[in-house]
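Keeping their order, the protein sequence lines are chains A and X. For reference, each letter of the first sequence is one residue, going 171 to 475 in the numbering used here. For reference, each letter of the second sequence is one residue, going 215 to 454 in the numbering used here.
Rather than coming from a laboratory, the hints here were simulated on the basis of the structure. Bear in mind that the values here come from a model prediction, so they are computed numbers and not experimental data. You may find that some hints are simply not true.
[Claimed, not checked] Calculated from the model, a selection of chain X residues having no Cβ within reach of chain A, i.e. all distances over 10 Å:
#: 1; residue: 218
#: 2; residue: 219
#: 3; residue: 220
#: 4; residue: 233
#: 5; residue: 237
#: 6; residue: 238
#: 7; residue: 287
#: 8; residue: 301
#: 9; residue: 303
#: 10; residue: 326
#: 11; residue: 331
#: 12; residue: 333
#: 13; residue: 350
#: 14; residue: 396
#: 15; residue: 433
#: 16; residue: 443
[Said to hold, decoys possible] In silico lysine-lysine, DSSO-like type, Cα no more than 30 Å apart, as pairs:
#: 17; chain 1: A; residue 1: 271; chain 2: X; residue 2: 298
#: 18; chain 1: X; residue 1: 298; chain 2: X; residue 2: 223
#: 19; chain 1: X; residue 1: 372; chain 2: A; residue 2: 344
[Unchecked claim] Anything over 10 Å on all C-beta distances counts as not near chain X; from chain A, calculated:
#: 20; residue: 176
#: 21; residue: 247
#: 22; residue: 295
#: 23; residue: 313
#: 24; residue: 325
#: 25; residue: 328
#: 26; residue: 336
#: 27; residue: 338
Built from N, CA and C at the ideal position, the CB exists for glycine as well.
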Amino acid sequence: MEIFLQQCVNALQWGSFYALIALGYTLVYGVLRLINFAHGDIFMVGAYLAFYISTAFLAPEGLFGFSRGLTLALTIPLTMIFTSLVGVTLERIAYRPLMRKGAHRLYVVITALMCGLVLENGNLALLGASRKTLPALLDKSVYDVGGIAVTNLKLWVIFAAVLVFFALHFVVTKTRMGMAMRAVSWNKFALPLMGIPLDSVIVFTFVLGSGIAGLGGMLFAMSYPVLEPYMGAMTGWKAFIAAVVGGIGDIRGAFVGGFLLAFVEVMVAAFLPSTFRDLFAFSILLLILWQRPTGIFGRPLISKI
Amino acid sequence: MMLRVSNLKAAYGKIEALHGISFHVEKGEIVTLIGANGAGKSTTLKALMRLPPPESPSVTGGDIEFDGVSILGMEAHRIVSGLKMTLVPEGRHIFGNLTVVENLQLAAWTRKNENIGREIHHIFDMFPRLAERARQRSDTLSGGEQQMLAVGRALMTKCSVLLLDEPSMGLAPLIMYDMFRTLKRLNADGLTIIVVEQNALLALQVADRGYVLDTGEIVAEGPAEDLLRTPEIKAVYLGG
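Please put together the full structure from these sequences, using the hints given.
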C-alpha cells in the first residue's frame, strides 16, 4: 500500500510535466487545427533557458550573485517569457507564411516536425554534446506523510500544474481573449468580421502554450537536473499522445490525459519489469482511443449549414 | 459617395473570378447584387471586406474606395473596427461553441468600455427569439435563429455599412420576409446595406438599386423597379 501511494505521488509529478506540455499542444490545435510537433522541443528550450537564466543570476558564479530564492523568483517569469518568444517566432517565420499561402495543413505539420528537429540539432551544434546541470534553486526538504516521502519540489511541481490549469481555464472561459480563442476554434473565417485581428489571437495562443511549456521545462530541469538536446523529443511525443487521449482541443483533456498516462507508466514500472512500461502505457491508450476515437473529453465536430 | 468599386478584378489563385466590375453605393442605400450561382456575388463581398486568401479572393486589379480612400491595403478586422463595415457571410458562420450572448459580446470585442449589455438588449428587442435562447449554445439554434444571430452579431460591431450574403438561404418563407422587413427598418434608421441574393425578386423588392452579375461581369444595372420590369431580367432571374 505504501509503495502504491509513493508511486501515486511520483505519478502526480510526472503527470504534471505531461499536462504542462499537453496543454500547449491542445491550445494550438484548438485554435489552428495544427499539431505543433515542435512543441516538445519548446519544452527543451524552456529547460535550457532556465539553466542560462538561473546560472546568470545565481551566486557565486553568476554575474549578479543573487540568492537562490531571488534567482528562482526571477527565473520562472523570465523562462516563461523567453520560451514564449521562441514559440511565437516559430509561428511567425515558419507556420504563418505557409498558412497565408494556403498550404495544406499536412505541410504545416511537417514544417513543425522539422522546426523541432532544427531546435534539437541547433542546440547540439551550438552547445555541443556536453550536458548541462541546472543548479539547485530550492532548498530540498523531504516530508514524511504516513511513511511516504514527499519532497517540497514534487509538491511545487504538482501545485504549479494545478495552478496553471485553473489559470488557463479562467483565461479561456472568462476573458475576452479566451472567448476569441474559443470562437476561432469553431470558425476562423468569421473572426475578422467581428473586428478582431486573427493574428493576435494566434500569437496569444502560442504565447500561452509556449510559456507553459517553458515552465514545464524549468520544473523538469529542477527535478531531473541533467539537460540534453533530445530531452523534449520523447516526453513531447508522450504529452502529445496524452492530449489526444484526453481529447485534443480540450484543456481538461490535456490535463486528465497527462495524469492518466503518467499513472499507467509509473504503475507499470513499479509492479512489472520496467521494460514493459511504454508497451503497456501505449496499449492502454490505444484501447481508450479505440473506444473513444475523439478522446475522453473530445466531441466530434458537427457544423450546421 | 460611400463606396466606389472601379474595374475590380479578383482571383482565387490563378483563376480570375471577377473580370473588372464597377459599381457604387451611396450612404443610406440598399443595393443588391443578383445573379446565378458562380456569378461572382460572394467573391465581390469578400473582396470588399478584404478577407484573406485562400478562402477569399485576392484583388488583382482595379480599386475599392471607401469615402474616397482606397482600402485595398487594409486588413479585414480594420475595415470592421475602423470603417464600420461588416459582412453577414453565406452560411452564417456563427460561433456554434459559444452561447448566443457570447456571440454578441464577441462582436463588441473592440469596444470594451461601452455599455454592451444595453446593446445586447436592443438586439433582443429586434429578435425576441434570441432572447429566449440567450444562454444556449448557438449551434442548437434553428437555421432561422442562426440567421438572426448572424445579423444581430454584425450589428453589435456598430456597423454603418452591412453586407449580407444570401440572407434568405435555407429560411422558411415567413422568416425570410421577417428578415427582409427587419433589414428595411434598419435601413430606415440609416444603415447602408449591400445584399447579395439568389432570390432576385425578393432582393429587388427591398432594394433601391441593383446590379446583375454574370460570370464575373456586371451585365445590367439600374433602379430596382426598372430591373424588375426589364424583360430579359424577368426571364432569366425572376422566373419569367
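Quiz item: Which of the stated hints cannot be reconciled with the structure, identified by number in ascending sequence?
Solution: 8, 9, 10
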